[in-house]
Amino acid sequence: MDSTIEIMMILLLLSDMALLGLSRLRTCISIVSFQGMLLGLLALVTQLGSLTPRLIMIAAASFIIKGFVFPILLRRGIREAGTQHEIEPFVGYITSVIAGLAMLGVSLWLGTKLPLFAAGSGTSLIVPAALTTLFTGLFLIIARKNALNQCLGYIIMENGIYTFGIVSVVEIPLLVELGILLDVFVAVFVMGIAIYHINREFDHLDSDRLNVLKG
Amino acid sequence: MNYEIVLWSLISIPAISGLICIFAPSPKFALGIMCAGVFSAALLGLLAIEAVLLQGKILFAAADWLFMDALSAYNLFVMIIVFCLSSLYACIYFHEELLHNNLTLKQLRQFTSLWCGALAAMTLVLLSNNLGIMWVGIEATTLITAFLICIHVSRKSLEAMWKYILICSVGVAFAFMGTLLAAASAKGVGWGSYNALLWTTLRTNAISLNPMLIKAAFIFLLVGYGTKAGLAPLHSWLPDAHSQAPAPVSAIFSGFMLNAALYCIMRYVPIVETATGNTGWGLQFLVGFGIFSIVIAAAFIIFQKDVKRLLAYHSIEHLGIIALGFGLGGLGTFAALFHTFNHSLCKTLSFFAAGRLGQIFGGHDMENMSGSLPVSPVWGIGIFCSLLALIGIAPFSLFMSEFQLIKAAVDSQAWIVLSLFLLGAGIVFVGALGHAIPLAWGTNQKSYTPVTATYFEAFLVFAPLAVLLVLGLWMPKTFFTALNSAANIIGIVGSVAPSGVGR
Chain A
1 MDSTIEIMMI LLLLSDMALL GLSRLRTCIS IVSFQGMLLG LLALVTQLGS
51 LTPRLIMIAA ASFIIKGFVF PILLRRGIRE AGTQHEIEPF VGYITSVIAG
101 LAMLGVSLWL GTKLPLFAAG SGTSLIVPAA LTTLFTGLFL IIARKNALNQ
151 CLGYIIMENG IYTFGIVSVV EIPLLVELGI LLDVFVAVFV MGIAIYHINR
201 EFDHLDSDRL NVLKG
Chain B
1001 MNYEIVLWSL ISIPAISGLI CIFAPSPKFA LGIMCAGVFS AALLGLLAIE
1051 AVLLQGKILF AAADWLFMDA LSAYNLFVMI IVFCLSSLYA CIYFHEELLH
1101 NNLTLKQLRQ FTSLWCGALA AMTLVLLSNN LGIMWVGIEA TTLITAFLIC
1151 IHVSRKSLEA MWKYILICSV GVAFAFMGTL LAAASAKGVG WGSYNALLWT
1201 TLRTNAISLN PMLIKAAFIF LLVGYGTKAG LAPLHSWLPD AHSQAPAPVS
1251 AIFSGFMLNA ALYCIMRYVP IVETATGNTG WGLQFLVGFG IFSIVIAAAF
1301 IIFQKDVKRL LAYHSIEHLG IIALGFGLGG LGTFAALFHT FNHSLCKTLS
1351 FFAAGRLGQI FGGHDMENMS GSLPVSPVWG IGIFCSLLAL IGIAPFSLFM
1401 SEFQLIKAAV DSQAWIVLSL FLLGAGIVFV GALGHAIPLA WGTNQKSYTP
1451 VTATYFEAFL VFAPLAVLLV LGLWMPKTFF TALNSAANII GIVGSVAPSG
1501 VGR
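Each protein sequence line maps, in turn, to chains A and B.
When you line the first sequence up against the working numbering, it's residues 1 to 215, in that order.
When you line the second sequence up against the working numbering, it's residues 1001 to 1503, in that order.
These aren't lab readings, by the way, just hints derived from the structure by calculation.
A hint or two may mislead.
Listed next, the stretches of chain B that the computed footprint assigns to chain A, with coverage defined by at least 3 CB atoms under 8 Å from CB atoms of chain A [said to hold, decoys possible]:
(1) 1134-1140
(2) 1144-1151
(3) 1210-1216
(4) 1298-1310
(5) 1391-1402
Restraint ranges, calculated between C-beta atoms of paired labels, are given here [as the list claims (entries may be wrong)]:
(6) 51/A x 1054/B: 23 to 29 Å
(7) 1478/B x 90/A: 51 to 57 Å
(8) 1488/B x 79/A: 53 to 59 Å
Don't be surprised by glycine CBs; every beta carbon is placed ideally from N, CA and C.
Input sequences plus hints: build the corresponding full structure.
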């Protein structure tokens, strides 16, 4: 079981690196959708011995919302805006991947610092992978200009936190967990509406050109 | 009396009236339902607050997931005042916009329903005993209020809204990470899933939490909720959102939403302090953020041209002062809570005046608004006096709370902090006075015909000013006791009453 989790974490890390290095928005959305499904499964795999209806419900909800609903919303955003690529991001793609590796290094170091798991339990990759995903999302929000890409960054960041939540705190009450999922869902939805309005009003989605308000 | 139902209806009444507002057939109906919802929730709220603050009960509901102790009751009291005044003001403000055809029924429906939703979400934050639900409430306020900023869709308001939603969502996501870490710190203790996130449980058993994890949690929580509270350097969304939102919305943003985020940090402070052995480890960060906010805001206040941006930077300064007070502890906690009330009331009034003057002068540029006192005596007095109160002129109660804060700083011999605070406050004093005097008496290029104000408008200006003045000179005994019991929840280390008391 531990090796399955390990493989999933490696897939998560690889998808982070891919997200940092790719410019085509459609591909990025597919990868984020893959991450979402992966995390839905992760919730089940970590608790394989003691599956409860509660757990299956949470896993299914996040599998569907992150794996299917978000991508549909975002793809619609692309269609409306007519943008396919990020044009001239603040930080280039190769530099982004190098930054991603640096973030992985920091996360590995932090993972040894936080006393979340007893030594030798074999799941030492989870905390670093969760933190790397969190940092990747944050990095994308800062380093990309396109509003859609920033929205993607937010989802990735949330994925990182979700990973962290599954493994470090298994026992969050159902209602809280559903509330959180609902909040994230509405957040992406609201961002989608905002993107729609921005696109209509400005004819572009470059957030660095939203710069009238200063000081 | 069944307080369980009272706590439930505090959240559900505004939520239901928000839903009704979506289908409002006319502007009058929408505003009427909104006011009815806000005021009936307020009345029930006062009932519960009376039981908590005057009779010393702690109320619980929903199997301990909702609760009200002195701290939440005090904050709820501040919120009720801000929301009631702002709802009345919103009627005046939007009536004016309707007269000039600046507002459609659809926009008003959107406003009233989101307004009631925001009230429900903020009440949820204050009443939740479960720290996860508290986070859900804060995130909900972000999402609900985002569309309140762009009731009037324009390039500027969209820009402000995008910055607000992105920065605050990311910030609040950090706070969620902190909440998870706080729950993880309780993992070794062996409570069930039910108790791991309950504030009352964590508070009573704080000593057995993992100190390393709770420290990491507090850093994340401080950054996360600090972003929402507008503490520098995490404040970049705040001036934009405050300046672009309609005036009633700016009033609740500044008057209460920032405090709600700070309230969440305050809930964690006693837990973190006890878990780390009462060394003041967590408090030093609050002092740091507080001082930095005061100094940054002071630097920006001098150069402001837009009156609502000026007030937004004042918010950053005052939230910094409140955080500083909490960080100093002891008398500082008391001063910070007192300052919360003073600032909320005063800032609500100043945004009212700024919004109304903006309607009269057709914009918020201070140069175009100069000489406002002869044009609109009531609102001119409102903006001038509230600016004076905000910079801490003597008889107003903001002076008193700042004075207590200085005393707290002297008591704890924090000389560097004290001198930085005085420097910041001094710059703000000079800078804001330089804006306020031309705003009231300056000569205006264009000539405006004087605008008469109704008695109702005069009430909205002079009632808050009178309260601020009276509280500056004399504090009623009940208010003092209430403040003290709220301060004790954050300040003194010990156990809270076991769950179930006061049912």
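Exercise for review: Can you take a look at whether the region 1210-1216 of chain B is actually covered by chain A? Rule is 3+ residues, C-beta closer than 8 Å.
Suggested key: Holds, because 4 residues of the region 1210-1216 of chain B bring their Cβ atoms closer than 8 Å to Cβ atoms of chain A.
Check your understanding: Would you say the C-beta atoms of residue 51/A and residue 1054/B sit inside 23 to 29 Å of each other?
Key -> 50 Å, violated
Check your understanding: Could one say that the CB atoms of residue 1488/B and residue 79/A fall in the range 53 to 59 Å?
Key -> 57 Å, holds
Exercise for review: Examine the region 1298-1310 of chain B for residues whose CB is less than 8 Å from any CB of chain A, and state whether their number is three or more.
Suggested key: Since three or more residues must qualify, the claim that chain A covers the region 1298-1310 of chain B holds, with 4 doing so at under 8 Å.
Check your understanding: How about the region 1391-1402 of chain B: do at least three of its residues have a C-beta closer than 8 Å to a C-beta of chain A?
Key -> violated (count 0)
**Study point:** Within 8 Å of chain A's CB atoms, at least three CB atoms from the region 1134-1140 of chain B: coverage verdict
**Key:** Holds, because 4 residues of the region 1134-1140 of chain B bring their Cβ atoms closer than 8 Å to Cβ atoms of chain A.
Practice item. Using the Cβ atoms, figure out if residue 1478/B sits within 51 to 57 Å of residue 90/A. Key: 56 Å, holds
Review point. Do three or more residues of the region 1144-1151 of chain B come closer than 8 Å to chain A, measuring C-beta to C-beta?
Key: holds (count 3)
Going down the numbered hints, you'll see the structure goes against 5 and 6, while the others check out.
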